[in-house]
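What the sequence shown shows, in my numbering, is residues 1 to 277, in sequence order.
Any given hint could be a false lead.
[Unchecked claim] Restricting the straight-line Cα-Cα distance to at most 30 Å, the calculated cross-link-like pairs of lysine-lysine (DSBU-like) are:
id	residue 1	residue 2
1	246	177
2	246	270
3	61	270
4	61	177
Everything labelled a hint here was simulated from the structure, so no lab data went into it.
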Amino acid sequence: MEIGKVVLRTRNKQTLAAFYQEIIGLKVITNEANQITLGIDGRVLVEMIEIKHGNTPKQAKTGLYHTAFLLPNRAELGSFLHHLLESNYPIDGAGDHIYSEALYFRDSDGNGIEVYADRPMSEWQRDEFGNLPMATNEVDGDGILMAGAELEWSGAPYDTKIGHIHLQVRDLEATRKFYQIALGLNLTTEIPSALFFAAGDYHHHIGTNIWAGQDLPNLGELETGLAFYTIQTEEEVNVIAERFAKNGITFQEASDYSILVEDPSGIVIKMISNSKS
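I would like the entire structure built from these sequences, with the hints used as guidance.
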């Protein structure tokens with residue numbers, strides 16, 4: 001399983017697209033009247049839907065906490081940090097999470113962004129149950145810059161992808177049941193205010209938190225922010241549908257190879273099966 005793309009609603013697609021081109025280093029793939037997609041070599045990572053009369057949320061709501069772009073190695077992260085500093089784009093912070101090193105900032109609409117690189121999996125520290133600890137240590141910024149000193153940044157590397165998506169949810173227990181049971185993911189890290197889920201032994205493909213408060217309202221259809229995100233899976237659509245039906249999850253088969261579903265916080269997910277059999 002992997003996160004495919006993140007779809008955002010915006011009041012100005014050209015302005016937001018310029019951020020993802022100039023700061024993240026993505027390329028425009030399609031540009032239509034009210035929609036634009038960006039990615040790498042034809043792989044769409046971010047899509048923007050323009051709602052000219054949309055509104056910016058006035059309070060915290062369920063939806064996107066951040067989109068996390070995974071770079072292939074520490075050297076590429078160092079090259080990106082050089083680029084970010086040279087661009088004078090404001091950085092919100094950075095964190096050494098033991099299994100990864102990450103930079104945090106926001107796009108021009110205020111959507112959270114993480115750009116990170118994983119450490120080799122052999123270096124990840126797990127507890128006796130195989131779970132990963134939650135830690136945010138000080139980043140070795142100089143070391144990251146030195147690692148990328150020989151690389152000249154010229155845009156996002158070819159194998160950049162969305163490593164994970166982090167969501168702002170309203171109820172952790174309902175979120176746990178949905179992502180573990182209905183989606184079949186592993187709970188890899190748990191703290192009182194956040195849960196992290198993954199397919200296989202990755203640290204997390206989906207993060208969830210209640211840091212903005214519990215019982216948040218849904219993001220409105222005319223508000224800017226996350227419209228939906230996609231999950232690419234090897235499971236066949238009928239297998240996904242059977243599991244949703246078994247657990248009383250309402251869903252819609254969007255096509256022969258995709259399903260639309262809402263999580264307990266009203267966040268829309270498009271499950272896309274890579275298996276066409």
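Okay, the hints, checked on the actual structure:
For a cut-off of 30 Å, the pair hint linking residue 246 to residue 177 stands: about 13 Å separates their Cα positions. Using a Cα cut-off of 30 Å, the hinted pair residue 246 and residue 270 holds, with the two alpha carbons roughly 19 Å apart. With a C-alpha separation of about 20 Å, the suggested pairing of residue 61 with residue 270 holds against the 30 Å cut-off. At most 30 Å may separate the alpha-carbon atoms for a hinted pair to count; residue 61 and residue 177 meet this at roughly 21 Å.
Of the hints listed earlier, there is not a single one the structure fails to meet.
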